[in-house]
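Trainee: The residues making up each chain are set out below.
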Amino acid sequence: MKINKLALFALLGVFVLNSCSNDDDASEPLPEGDYTDGFFVLNEGGIGTVTYISDDLSTVEQDIFASVNPNAADLGAYTQSIFFDDNDRAYIISNGSNLITVVDRYTFELIDVIDEGLTVPKYGVVYNGKAYVTNNNTFNDYTYDNDNPPASYDDFIAVINLETLSVESTIETDSYTEQIEEEDGLIYVNGSSFGYGNTINVINPSSNAVERTITTAFGVNSFDIEDGSIYALSSNSYEVFNKDNGEQLSVLEFADLSGASNLVLEDDQAYFTIDRSVYVMEQNSITEPATALLTYSSTSEYGAMYGFAVEDGRIYIADGGDFSSDSFVEIYSTSGSLLKNITVGLGPNGFYFN
Amino acid sequence: MNIRVFYFFLALGLCVSFTYGQNTAFTALDSVYITDLKLKHYSTGRAVLQLSDSTTRLNRPLLTNTLNFNSPIYFKENGLGMVSSPSFRGTTASQTAVIWNGININSQFNGQLDFNTVNSGAYDEIAVRGGGGSVVYGTGAIGGSVHLNTKLEFIKQQEHNLFLQYGSFNTRDARYQFKLGTQAYSLSIALAHNSSDNDYDYPDGGTNLNGDFQNAALNVGLGFKLSRQHSLRFFSEVFDGERHFSLIRASETRTKYDDLNTKNLLEWEYDFSNFTSIARLAYLEEYYKYFGNLDSDNFSFGKAKTTIAKYDLTYAFYEGLSINSVLTNTYTSGEGSSLGDNDRNIFSAAVLMKHQLKNELDYELGFRKEITNNYESPFLFSVAASKAFSKHFSLNLSGSRNFRIPTYNDLYWSGAGNAELLPEKSLQGQLGASLTIANFNLDLTGYYNSVTDMIRWLPGSDGVWRPQNEEEVSIYGIESILNWSPKLGRKQHLELYGTYAYTVSENAQTGYQLIYVPFHKATAGINYDYKRFNGTVQAIYVGEVFTRSDNNSRYNLDAYAVANFSLGYSLGKEKNYELGTRVNNVFNAEYQSVVNRWMPGRNFNMYLNLKL
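Each protein sequence line maps, in turn, to chains A and B. Residues in the first sequence are numbered from 1 upward in steps of one, following the UniProt record's numbering. Residues in the second sequence are numbered from 1 upward in steps of one, following the UniProt record's numbering.
Keep in mind the hints are simulated off the structure, nothing from the lab. We put the beta carbon where it would ideally sit given N, CA and C, even for glycine. Do not take every clue at face value.
Unchecked claim - Coverage of chain A stretches by chain B, computed from C-beta distances (three or more under 8 Å per stretch; other residues unrestricted): (1) 113–119; (2) 142–155; (3) 318–329.
As the list claims (entries may be wrong) - If you want a taste of the chain A side facing chain B, the calculated C-beta under 10 Å gives, among others: (4) Ala77; (5) Gly96; (6) Leu99.
Unchecked claim - Derived list of chain B stretches under chain A, where covered just means 3 residues or more per stretch with a C-beta under 8 Å from a C-beta of chain A: (7) 246–253; (8) 297–309; (9) 464–472; (10) 599–605.
One chain only, chain B, in its complex shape (with noise of 0.2 Å):
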């Protein structure tokens, strides 16, 4: 079976390349470019979330505070800056694939993408899209995706923007980005750093011991155009961060916790008559090293290198029809102190279709299957139509099947890794309606997922903990995404956005609401500039959470509602120089979003933004 339906897409991969057209290259020459295509290609109808660099500095750099006050996700952080994790329509932390530059990052040592280990400030987007998303994105796009993405811009500019801010706890963020082009080059560079002392005091008296955290990230995008049909590109992140984690009694062992991560990208394009080929190459390498005790010296780690070689063909028949292949060999040698030596092999071919019809029906198909000897992979689809009945409305619908691959914890750590385990399966499909109205725009999507064979980890009564495939959850829920923009006269500007998700995520077995899914999460944003005076409000709230699987609600998580607020003053000529005042928490609401985890109460910064 896996062997011909590989020859299946081998085949259908040939076919494609070479069936030859007439037109032009379908990639007309643009002037910026997103490494991440198929994100807009291939979401057909769907609500995609979009946090610019403007918006994002509008928060703490750490990626689980940005996407928590702008996104549908909801968050567990242990306190402020520690691990993180989300749970993106009430799916598990492995159940989000976070893709950089178009490649999947999630952890190959627990699936999982800690949400504190990213620092936005080195990306120029952050996009977040909801639903199924494997057949493009592999491993782990069962809830959803989060997308970090450099912006290449083929314009003749230079531009220098430096972002300071400092504030309570000795927090300091820098963010420095530098774009330099013209229409045949481009380069970003973008470099983060953040720090913070992180001794906040809890509400019930004590304080934030050993939380101290500090993260450098270097992102760096560069493009030629060498000629109309060359195109060289190279992406490339450093991050490094150290990260102690927070007692919640002084007599708790100290622990910290290290990371030093790259990611490399070369890409190659080459258009020619209807296609468009792109060969891609990416060196990844993740290496943690956890200090059990910094009391002594001795750490254990965990070292993954992840070499992928992608070829991606697309053929244009016409303007609005277009099938792509996608050939992917991920190569990936991992070694750790509990987990040994092993390599695997994954190999995967995906076939999209995008048909884009006159009477604004548009739809899509995808497939993708992978091949590899580490556990049995499910053939993956995805199909979505999208239908627009006037300029102001439309509906979209999709249905996919996903996965999330057993990592090298579940199926190598001593003692206890599983080499039996499944791959995590999600079947689901959701319904969109969008209204857009002049600078009203307001996105509705109901969806339903099922998600079988789930990885669990357990403790055995021998003190071992062991991951088994153990429950089904079912899921549904709304999501919502609105921003308005009423047009105020020349002096004034206001932008009012705002998520809302209700979320349903019951084990299939016992009928009970997953822990730490709570049914309701908000946020809301107002922005407001008046002259050279600017001035925001972020809000979120979150809903009770169960953290008992027995739903009982003696132990239950409080429901919260966080507010921050800012006011800058523009100066110079061309407004170049912002300063400004944040207040996070202003109502200095008490709250915590895992057990005896306290986050900080109201606290303050000041920032400098300035453009060149």
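With the rest of the complex left out, here is chain A (with noise of 0.2 Å):
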């Protein structure tokens, strides 16, 4: 996902330019919409909410999809993340009311609901036309031991036609099925859910079947592809193995740290969190950082950092808050100086940058 958002922002980045470099000729800039330069920060709800913050900081607007929608029925209950296609259309996955809410990802305009199929989705990601939508089913499959996993799984993914918008075919993996990324044309699943599973299942679009089944820490919290490898991070570890045969390369326990999540990779760098604060190291280390960039400061019992990410040198954090009210997010630089505290929705848990 990381590497699609890159290229994307190439490509942005290519448009930008273009429209600079044609402004003698008025044209007008690529691509249009309210809310192009800026980012969404998605709120889980209740009933979910996005808000747009221009990239300069300056510009904050709520519930953009009620705003430039009025008529449209609401995201639905608990909306849980956003993924992109290449046709510049964003889709709002909402695990409560099985929905996906696809809108234009810079005007926000509703284009269509997928709502068949989907059975508490969570994640989605689209290679060649198809959308894969992991999805939890029911929670009748958590044994709550690693030592005795379930005799069987009911997650599965949903493939979606990007065309009719309709779900074609599912996929088991016989796992959980959370976080889900493509890279090179095949899938990647993470198999841990909630702290229980071992696995990330690498998917080929062209059977639909797993191809190769990696094995992991258990409770895998968050990966990311860089350069050949995957990078895998669970409370107390971090795991890199090769993308292609799935051979563990190297694996840093934690020794003084515990509790890790949020893994993130950009410009070499690794960054995670624990509790309040937020660690960076050498993607590649194997030794763990002595201590934190920054810790920010947060009331909420269990939702700090209930969403996290780095992007284009600043780091940006979610707080949950109480969920029963409007939180916030704060933008640091990567040095780690705050630059704001932007009053958001209820219960934030994601950015997505356009």
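From the two separate chains plus the hints, produce the assembled complex.
Mentor: Structure (structure tokens):
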């Protein structure tokens, strides 16, 4: 996904540069829309909402979906994540309503909804005209014991045809299904959920079958793919695998740190969070960082770092607050200085960049 | 400390046991027996709202509906018949204790009772007691308690009462009561069934999908007066409910919830000299199945079996002074999909005393202490006094310390339970005034309640929800209950009744009002009989509520007023038959008590009430 985003950004950059260089003939900048030069904060709700913040952090608009589409139904309960396609569309996943709302990513105008074939959808990624969306389905397949995994799993990946916006098939992975990424034509799915499970499954979209299962530490909560390697973070370890054969290249077992999550690779650095702190180390480091890059203050009991991103020299932190009032995000420079604290919606859980 | 207190109580219990007195039995040969004797005896001066079965028949059989229209308790309901939780005097859902024939039946799993899983038709009497009652009723009696009672009548009788009601959304309600007795024995059987397609239309054009439910309840009471000294009584209930959970939108996962709950209570009363000794043995079973996706047969479950042994000894020094010790052992064995197997044992000792002085001054004292390995149990007390200044006017004052213990879910939920949780504690006081003139009665109560160590579940950045002792809440308010039956001659009968509650319930750290606690709630009812006609009007008003903890008014739920109307006609020589019709929400108010959960608009019922 990171690579996808970068590619999109590069593409965007080209557009912007083009438009800049063509200033003289007064052609409209591409792409067009109120939300082109900024990013979205997804607030899970209750009922999910999206906050728009401009790149210069000066403009903040709450609940842009409702203001652009006043007559449309809402985004659904507990919006989990957003993914984008190559066609300027954003897909907003609501896990509580089994719903994906499709909008124009620059204008936020409603295009359509996908409301069949999903059961607790979580994350999605697009490849070759199709979206692959993970679904938790029921929670009956949690034994809450990594030594006694369930006999079978009911999670599945819904394959959505982006022409018809309907689910055309499903893929089962014999694991839970959470974060999903695409890299070089293969789909990678985290098989750990809420601390249980220990695989990353590699799916070949031409057969819709699991091509390889990589065994990880238990409870991987985030992973990223860079430079031919998979980087997987769990509470106490940071593992690196060869993307092509699944071989473990290195493992960093944390000695003094515990409770790590939110791995993001950016500019050959690995960023992650523990409690209210952000840590950073070399992407291929085999020693843990001694000190935190920054620590922010939060009164949230467990919802600190509810959303996290690192993008273009900035660190983005979303605080869950008390989950029953509007909360905030903080934006830092990668050197750790606070740029701005901005109030957003209920339970902010992610950042998505235009 | 714990052990010492325990021995102190034990010693006191024994002490009382071996002090013999002279007088005759304390419990007279009353013709009506309710096993929850303490409800009357230890509510000195307090206004206890009693709803008879004729009142409960005016409403849908779900307990939420009965209490919503007749008591100051506020309910948030996820649509008609769906999950319903009370807020009594500004407290949370697990801070209202529900007492079945004297026994606390709040769920072992979440500490609450879903008021839409109780069929009012199964009880002879429902009582509502505002304010703390943990000394007598145990966990959860912080905001107040709701009492579901079976009446045993030791009179010669044989009576059948059949009530049938049918209405909109294919809603069926059948209640049958049978009473049989002599002076020596009494049998009470109540059978109730309720089902509904519950597919009402929303004001915004949608329909309540997957909202159907059905339930059946059987409640049996059987009592024998074996001799002047010995009585044996047995109470039993089975409740079987199946409820689908309604959807906000059609794409949501369809789910349902099945309940099978049984309650059994055996008691033996022995009256000798000035003593009344009641030994009770109760066995409760609570079993739920939650189907998280109706497309599959898979379900998760929770099952708790509770055995309670209780010894209750009262000594009456003379008619106005009695002391009472209650020793209780509660053993619960619970299991569940996400809970593993866990047992817990709680021993409690309580001492209660009541003194009625000749100058119309009554007072009571009570203490209770529990001993368990699961949590640190606070010392509980209650004190109350009431003084009648004339036939018409009395004042009462009380104070108490109460608690709500951590539940199975709080302690043991896989990957989330927190074994270090403390009980929620409440320290409260109230001042009440009661005015009675002829057939007019007004009770006014002002109270203050400080609740600490509130347990709250919150999500973490890993997506897991966990409980924590977090908040402190300060609550104060006014509660009033009014009844008036002016005399209108032989052919007419008029009764007016109402309640009003003003509630401020603030998070002590932030000063903000708790979400889903209205400042104002009022109920009103008129009951008018003329010859063979009977007309009733019922109405409630619920003020706006905050849905956000920072009291951001943009997200408030609007206030609403709802009224029901009924008209009945009695037939037969003895007016044994009544045929009637009822219009619920007669003004077609558009309202919801939870965000995005519409309640039904105007709807209709027909009923038949038959007494033999």
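Trainee: Each hint: holds or not?
Mentor: Okay, the hints, checked on the actual structure:
{"no.": "1", "hint": "113–119", "result": "holds (count 4)"}
{"no.": "2", "hint": "142–155", "result": "holds (count 4)"}
{"no.": "3", "hint": "318–329", "result": "holds (count 6)"}
{"no.": "4", "hint": "Ala77", "result": "holds (7 Å)"}
{"no.": "5", "hint": "Gly96", "result": "holds (7 Å)"}
{"no.": "6", "hint": "Leu99", "result": "holds (5 Å)"}
{"no.": "7", "hint": "246–253", "result": "holds (count 6)"}
{"no.": "8", "hint": "297–309", "result": "holds (count 3)"}
{"no.": "9", "hint": "464–472", "result": "holds (count 4)"}
{"no.": "10", "hint": "599–605", "result": "violated (count 0)"}
Hint compliance for this structure: hint 10 alone is broken.
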